[in-house]
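Chemist: Protein chains in written order, with the numbering used here: chain A, 60 to 370; chain B, 280 to 548.
It should be emphasised that the hints constitute simulated quantities derived from the structure, not laboratory data.
Misleading hints may appear alongside valid ones.
Computed spacing ranges between beta-carbons, pair by pair [stated by the list, open to error]:
no.	chain 1	residue 1	chain 2	residue 2	range
1	A	Val258	B	Glu331	11 to 21 Å
2	A	Lys192	B	Arg522	22 to 32 Å
3	A	Thr175	B	Glu492	23 to 33 Å
Predicted model, so just to flag it, every value in this text is computed and none were measured.
All C-beta atoms, glycine included, are put in the ideal place defined by N, C-alpha and C.
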Amino acid sequence: MKLAVELGGLRLKNPLIAASGTFGYGVEYESILDLSILGGLVSKGLYLEPRDGCAVPRIVETPSGLLNAIGLQGVGIRAFVRDVLPRLARYDTAVIVNVCGDTVEEYSEVARIAETPGVAALEINISCPNVKKGGMAFGGDPRMTHEVVAAVRKATRLPVIPKLSPNVADVTLFARVCEEAGADALSCINTLLGLSIDVERRVPRLAFGTGGLSGPAIRPIAVRMAWQAARAVRIPVIGVGGIAGTEDALEFLVAGCRAVQVGTANFVDPGVYARILDGLEAYLRRHQLESIDDVVGTLRYPADAPEGPGT
Amino acid sequence: MAPGAPVNRDVSLVGRQALEGPYVLLTFRHPEVAERARAGQFVMIKANTISEPILRRPFSVMTEAPGEGTFTLFVKVVGPGSRGLADLREGETAGCLGPLGRPFPLPPAGHEALLVAGGYGIAPFVLFGEELGRARRRARLFYGGRTVADLQVREPFAALDIPLACATDDGSFGHHGRVTEAVAAHLDMRPGPVTLYACGPDAMLHAVARLAEERGVPAQVSLDPWMGCGVGTCLGCVVRLRRAGEARPKYHCACTEGPVFDARDVVWP
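Sequences and hints are given; from them, build the entire structure.
Modeler: Written as structure tokens, this is what we have:
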């Protein structure tokens with residue numbers, strides 16, 4: 060039975076990847092779980108310089124979801140390469156750097172520094188809703204999306220994986236723009252822009268105001284968008300949004316994703332990867348399938364049903 | 280896995296003791312927490328019988344029984360997460376990761392430990408009282424709440440020979456007023472070298488920090504911000520600290536660098 064998958068030049072031993080912003084830099088979990096069971100892990104978003112992030116409160120729970128505005132607090136790419144990468148080298152897992160920038164030039168510069176032994180691919184963060192510059196401001200504009208992805212493409216030989224924003228009317232437009240700009244794969248999706256209000260005080264419950272919604276609450280939206288994106292482009296799509304168990308991961312695979320990322324569920328139970336891996340193997344056995352690839356894109360969608368914009 | 284590292288496992292409820300009002304003592308089987316947890320450390324825990332809220336909640340370890348492989352939490356039901364735990368029946372399980380966080384450091388030799396607890400902030404001081412006893416340090420407890428029903432955990436301290444001074448906002452038990460007033464009155468008597476330890480509501484912690492600064496005594500405070508993961512990855516529980524020699528305050532995770540901090544470092548909101 061084969062759990063290994065191939066993603067635009069990036070080979071993973073299994074399709075489970077820890078999502079950016081929910082797994083720190085990986086090393087935070089090394090005393091709790093064996094990082095080598097992961098297909099890959101994506102670092103917290105990294106800029107050129109360290110960032111303080113947003114004021115508190117930064118997280119609030121909503122029904123089946125988590126609304127956050129962390130604001131990309133982080134150590135910066137140089138400290139990551141110097142202090143963290145050597146510690147990750149002892150694990151058999153693909154390390155993917157989440158590249159951030161306030162400007163196109165900053166994205167390129169971070170990408171150049173990140174191209175170093177031990178880094179397997181770059182995820183481009185053009186979809187964080189909790190920063191004033193960069194982030195979603197780039198990922199919500201097709202022209203800027205093209206510019207950022209093309210610039211990073213030029214700056215590195217590593218596989219380039221833009222992470223798409225769900226806060227757009229037609230995700231397939233952005234998927235195609237990324238493909239044209241030279242992306243090797245897509246992560247689909249980042250958090251949904253949300254607002255939660257303390258009605259007694261009549262203020263937002265997050266200090267930043269709005270935040271990004273994650274968790275099981277967003278899963279059907281994420282599956283739909285990943286499905287649309289996977290049909291719109293030839294490059295592989297990594298599904299992400301609300302995965303907490305085997306069935307959730309399978310939804311994305313059946314919808315056409317070649318791999319999946321687990322995010323908010325990391326906070327709930329670090330045992331989630333072992334559980335899903337066991338579940339995927341059991342599923343392949345039960346359906347007498349040889350490999351994950353035999354599951355990918357096997358959705359039987361009603362021929363006469365609506366398919367949404369861009370498909 | 281490194282020795283002393285937190286361990287993630289499903290834990291069975293092996294004992295429950297309902298106290299007055301919204302309070303309950305819950306005992307779970309988790310050999311590593313029972314063996315290793317130190318006073319001030321916590322577990323992230325959520326009943327497996329509920330799906331909402333999705334995140335686990337942090338609770339201080341109150342007591343541990345290494346021989347039985349069990350530990351006990353003091354839980355006040357305040358919302359659906361604590362309700363889920365309180366409703367567990369024996370044999371039902373919870374997802375639990377621990378022990379986590381920075382424990383209370385022992386006071387310097389010759390110092391008396393003045394423990395200041397507000398409401399369910401009493402929880403870590405039972406374990407700490409035991410540790411202080413083993414280390415042959417003197418201790419004294421100041422325990423405050425809105426009313427006498429909030430002062431549920433008094434007996435363990437009698438057994439530990441730790442003198443107890445209570446305070447209630449409504450005057451139903453002990454000093455009528457703030458617990459920090461009772462601490463200040465004790466400091467007025469010039470008791471010799473002391474270190475303050477505080478766990479409770481933010482306003483009480485801030486008052487203890489101010490008192491410590493005014494009187495020039497060291498203080499350790501256990502903060503309780505909203506916590507998502509317990510291991511330093513969600514960055515939701517950060518507190519602003521300004522450490523000696525640092526030009527400006529920075530955010531630090533309460534879960535990994537705390538929850539116990541030196542009161543002088545904390546930038547109070």
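Chemist: If a hint holds in the structure, say so; if it doesn't, say that too.
Modeler: Quick rundown of the hints versus the structure:
1. In this structure, valine 258 of chain A and glutamate 331 of chain B meet the distance hint of 11 to 21 Å, their C-beta atoms being roughly 20 Å apart.
2. A hinted range of 22 to 32 Å for the beta carbons of lysine 192 of chain A and arginine 522 of chain B is consistent with their spacing of about 29 Å.
3. The supplied range of 23 to 33 Å is broken by threonine 175 of chain A and glutamate 492 of chain B, whose beta-carbon atoms lie about 46 Å from each other.
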